[in-house]
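Enquirer: Sequence:
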Amino acid sequence: MKKFAVIIITMMFSTCACAGMTSIKGDTINNAEVKEVGIYFTGGVNNQTVTWLMSGLAEIKANYRNVNNIDIYINSEGGDMDASYVAYESLRKSPVKLNMINASMTGSAATIIYCASPERYAMPMSRFLLHPAAAGYEKADYIKPDQARRILEEDEAYNGLFRKVYSSCTSLTPQELNEITASEAGRKIYDVNDAIKHGLVTHGVKESRDYLLTYFITD
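Those letters in the sequence shown? Residues -19 to -1, 1 to 200, by mature numbering (1 follows the signal peptide of the UniProt record, and there is no 0).
All clues given are correct.
No more than 25 Å apart at the CA atoms, straight line, and that leaves these computed lysine-lysine pairs for PhoX-like: (1) 74 <-> 42; (2) 178 <-> 145; (3) 169 <-> 145; (4) 16 <-> 74; (5) 42 <-> 78; (6) 78 <-> 145; (7) 42 <-> 16; (8) 74 <-> 145; (9) 178 <-> 78; (10) 78 <-> 16.
By construction, these hints were calculated from the structure, which means they are not laboratory data.
Start from the sequences and build out the full structure, keeping to the hints where you can.
Expert: This is the structure we're talking about:
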């Protein structure tokens, strides 16, 4: 009986899996019926997860022509700054309305992706982390003066990216942005009310719900 139930459930849903990306749609659902899509981005920000995110959006555009609203749920502590910027530039040019939703934690580089749309929400208990970028160095035993300067220059370039993006999606002043990106001591952790106050969340609280088509992206 259990085996029969599993077979029935499998027949009801079509699943497309590609390493860290999975999409689920009921087999009885015609592509033309799909008007809204949910995407859950849960994991680190890196070239692979961002590629899957952009691939999912491209697939929606190509195969689901009637979609007019995409809800992107983010639960990520951040990751690669360059990957987040690629996602930011791609998402903010989307012809389809994107609703960015903080599903639990949206921190560091993930906040750049979150800021790619003016339609920004958060779940009731979610949090945001704004802090300085960290530049890595593979050979950590000894650092020469010119190497240290290059690390600082790279770090400041990424902090400049934070300030540029935050200036467009928050009401934080230049002085506040400088304080946040100057040192880890200036980091800010915002709850939903704080995020609304500073303009990071633009439309208040939004709960998750069911979709005819759902994508799941993780690392």
